[in-house]
Structures are given as C-alpha cells and as structure tokens.
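*Asks:* Just so you know, the sequences run in chain order A and B. First residue of the first sequence: 1, per my numbering; consecutive thereafter. First residue of the second sequence: 1001, per my numbering; consecutive thereafter.
Please keep in mind that the hints were generated in silico from the structure rather than gathered at the bench. Note that CB positions come from ideal geometry on N, CA and C, so glycine has one too. Treat the hints with caution; some may be incorrect.
Stated by the list, open to error - Stretches of chain B that chain A covers, calculated by requiring three or more beta carbons in the stretch to come under 8 Å of a beta carbon on chain A:
#1 1022-1036
#2 1064-1074
#3 1126-1134
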Amino acid sequence: MITIPYLTAVSTYFSYGLLFAFGQLRDYSRRIFDWWSTNNLHGYAPICLAHEDFYIRRLYHRIQDCFGRPISSAPDAWVDVVERFSNDNNKTLKRTTKSTRCLNLGSYNYLGFGSYDEYCTPLVIDSLKKFSPSTCSSRVDAGTTSVHAELEECVAKYVGKPAAIVTGMGYATNSAIIPVLIGKVCFCCYLSCGDVTPKTYVLQGGLIISDSLNHTSIVNGARGSGATIRVFQHNTPAHLERVLKEQIAEGQPRTHRPWKKIMVVVEGIYSMEGEICQLPEIVSICKKYKAYVYLDEAHSIGAIGKTGRGVCELLGVDTADVDIMMGTFTKSFGSCGGYIAGSKDLIQYLKYQCPAHLYATSISTPSAQQIISAVKVILGEDGSNRGAQKLARIRENSNFFRAELQKMGFEVLGDNDSPVMPIMLYNPAKIPAFSRECLRENVAVVVVGFPATPLLLARARICISASHSREDLIKALQVISKAGDLTGIKYFPAAPKKQEEVKDTIKLD
Amino acid sequence: MMYVRALPTTDVNRNTEWFTYPGVWTTYILILFFSWLLVLSIFNCSPGMAWTIVHLAHFSVTYHLFHWKKGTPFGDDQGIYNRLTWWEQIDNGKQLTRNRKFLTLVPVVLYLIASHTTDYQNPMLFLNTLAVFIMVVAKFPHMHKVRIFGINADQ
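Start from the sequences and build out the full structure, keeping to the hints where you can.
*Replies:* Spelled out as structure tokens, the structure:
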C-alpha cells in the first residue's frame, strides 16, 4: 500500500503537466522549422507516428544518462561503470575509455553468482571447451546435449515438480508458452495410458486473469494468445474472487457459453514493488473455481525460502497445487534462460507444440552448466555449506537494509525477506537528481519512472545481493541518506535515534 | 502532512491510468485557477474577460487532447488504441463513471462563472455558449466512437 503526501501528488502532476506542455511546444516549433527544410522521402509513410514516440523524444531523452549505463566488469558487489558524456543535451551519449568503480545496487545478483565463483566457473570453462559457446541448432534438431537433459531433470527436482522444459531466453519463455497453453481456441491434449500418440481436442474459449502489475512478457504472451484477458487488482485475492465469479457467471463474450479454460497468472515477487504474492489465498480460490494457476517466479526462485526454492516454500504452498511454475535463471543463478515446470503430460505437450522449443536455438551449453552448478551449490551438493550461507546472508542483508532505510524516513516498499526494495521518489525531477547524485558518490542505483511504473509513482529500485558485505551496505546507506536529504524524498518522519542505536549501526561485525 | 493511499488500478492502458490516482481533480482545478491569475496579470483585463479567455483556452486545449488526438504516446502497446480518442479510452470505455462525470462538469462550471462575471453580455456569451455546447455534446455516452460527417475518422 503506497502512501503519498497529498502535496507531493499535486506537485508531481504539475511537474508532468509542465514537461508535457514544453514537449508539445518543442514539437510544434520543430514542425514549423522542418516545414522550411526539404526532405527527399516524398510518398513514403513515416516509420513511427509522430505522437507515438512523444514520450521517448521529449521526456526520456532528457534524462537518458540515468538509464542504460554500460559496465565494463562482471556485475559483482562492485562494478566498473563506463563514463559517458554528451555534447547535445543528452540526445546522443558517447562512451569514454574511463570507468569508475561503483557499489552495485542495481544488478539482480541475489545470490552472488554474477562473478567468478570457485565451484561454478571452472566447470563452466570446461564445458565451454568441451561443447562450444552455442549449440547452433534448436532442441529438436541437434541442440540437445547431455547437459540439457541433466539441466531439465535438475530443475524439475529443485522446483519440486515431475518434469521441466528449459528455453534460451526468459522473456521468450512467457511470450512463447502462454499462447500455446491457452487461446481463443484451446487445444486439449490427452495421453491415455498405453497409447503413445497424444489425442488433441479443439475447444473454444480461453480466459486469462492476470494481476494488474504483471510483467510485460506475460502481457505480450497473453495478448498474443488471443484469449480474453481480464485484470484483477494487484495482490488482492478478494477482487480475484469477484472477477472469477463475474466471468464464470457471464461466460464467453458474445455467445455466453461457459469458458473452456481459465488461467490465473501471478508472479512470485513483483519486481517493481518487492511484494510477495499472496499465494495460499489465490491457490485456494483457484481450486474452488477450478481455474489453473500460472506462477512466474522470475525473481523469487533461488532468492527466498529456506533452501531457496521460491515463494511456494516460503509460504508453505504445496507445489502440486500450482499447475504451471515458470522461472528464469538470470536473477539468482547468474546465467540466462527460463524454465517451465509442471506435470509430465504438460511438459510432453509443450515439447511437441512450443515454438521456443521447436524453432529457437537451445540454451547455450556453458550457461546450462552454470545453472546446474549453481543449483548444486545452493543445495549444498558441492560439499560445502556456501549455499546455505548465501541464502542466510541475503535474508539478513535485505532485512537490515530495509529496516535502516525505513528508520531514516524513506518510503520503502516490499515485504520482509524480499531482496528488492523500491524507494519512492514520485517527482519526475527527482529521478535524475537522485541517480546522478548517487553516481557522483560511486553508488550505482537503478531509477524507474513512467511508463514502467504508474505516472505518480517513480522510484529508485535497490536490489540487495548476498555478495554485499556489511561495510558495503553501511556505505550505501550513508550515500542514499545524503542524496535523499538533497532531493527531499524522506517523506516519513525519521525514527528517533537512540544513543545505543547509533553505536550499533557504526560498529562493524 | 496529509497522506493519501494510492491503490493500484486495474487499467492496463498507461495513457489513461494516471487519471485514476488521487490528486488529479485538485491539480486540474488548481491549474485552471492559476491560469486565470496568469491571464489577469498578463492582459490587465476585467476578471470576467479573464474567465472567458480561460474558458475558451480550456475548450481548445481539452477538445484537442481529449476528443481529437487518437492513440497513445507510447509505441509498445502495439497500436490497439490507435482509433480511440483519450475520452473513449478512459475507464476502459465504461460510460458514466465518476471521472467522466467530473470532466463533464468542469466546462459547465467554467461556463457559468465566465458568463456570470461578464454579466451575460454578447459577444462573450455567444462564444462561451458555443464552446460549452460542443464540449458537453462530445462527452455524451451516445457519442462513444461516433465520428460526425467522418471528421477525424481514419482512412
């Protein structure tokens, strides 16, 4: 629940109105200016409509130096950020050869696998020499190696489902798989026992109910599927139940026939809020109304739960109740790609139908090896307890950082134990101010504004890693506090500092 | 310091969902009031004339933004709203919601203030009446997706 001071809300709208007005003025003057100059493209249609990239040209380009900063080292706890300069007011940015060493608060490096790891990296280099960087073919042609088979088994065992399928890109996992599972026309696949060939039945009418703050990959997959999409209020099981009841009662849009398949799509940790999904309530509602549950654990797998098995372990939900579990390996495992875990029938069906499996190049073999080794480290199967240490450290770090930020008076979102913490900025001018001030002090933060977040709710998103030490976090807190004072984002009153408390935060363990 | 809760909406259209957050109505009214003060200080006219100028400027700006411009300023919603004006997009096309009622009321209230402070004299009265008539008719539920005489229709 986001609590905004009323004056801040009004002033944010004023600021955006001013930026919008200035952008329109500049567009008009550019149009008058260009009317005089000739162009030799008569008869060609414009590549993009003038107002479609209004936001990019007039708002995003002005603060472009805060986004997309190139780095020149592995994204560990400290990272080398390449310096850039611009001669035309941020319209184009040129890289220099210098780089600054900054504290990295932006990478999704939850368990610290983002840089050299003493167990994983030698195995990955061996696999790179034995296989090659790319398999150069899709899974069904010549792209399945023994490492791929081992990876799918390993992922299925880790997540707690009978079988899994792995694709080479996390975004493509959602946008290629959701259209296969559900659509305007739903294929229903039965494998009767003893019969090898699947029988497919064609049914009309699929419904997708997705959380209002789901990631773009899910929105793309849902739109691409052609099924009817309904949205329920973020993380509110009561509203989900109301939407389900309404839709089941009304049936399909024009014919009012009953829906053939209903799928509810939620995420484990929402990356812009740091909130953990209310999975037990949602699963019980879906069971009551016989809807399928699709859980996207991109940020939560490997980062939360006692053994890192994600939100199901944290909230005590039986994995057999969640029908389709999806996740990515980019965040906690230091690799690339995504997976879908489910029943054996489901995975078999996906292997016949999913275009990401049939036509896309398979995940590169060294990356697959990195995932296998990372899972082994997390589960302690490499013979040390580094995995358990990492999981304990990320939980400690997240809770410490969040508590300290809240004590300083910042508005921090997210539940306890979640390694993602957005600090609310609201005003559009504070977005570049906060980002540049932190970079000046050698702390690299990620700021997000409209349209990735709602208009009012711009934020700076901090991602804590298990490789951050206590000194790193304390330095980060000092820098963020100073930048916060300068930009005025301490919207809540700071907790009163007691003498012992001050001593505690400075004493190093 | 007064705090207000921001509940996340179910509107997926980022062009219109900003209108569902708290503080928009107050900002709108404050912008109108401050522009009246601005007009008074620049043109040095009577308060009634200033209200007429504000009303007519408000009419032209909001007609262009709400009922003329179509589509969204972003490219990544793949043009599904390219045939709809902003007025047809808000609240997912549902008619007679609180936001729509508020936006219909504002030009009417402005009209009443402008005509009262100019003592109902012509030609201001005629211009003001024309403006408010066009504004209110454009916001009727029956005018949803209607293009009169093909004005502003797509090719």
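*Asks:* Looking back at the numbered hints, which does the structure fail to meet, lowest number first?
*Replies:* As far as the earlier hints go, only 3 is violated by this structure.
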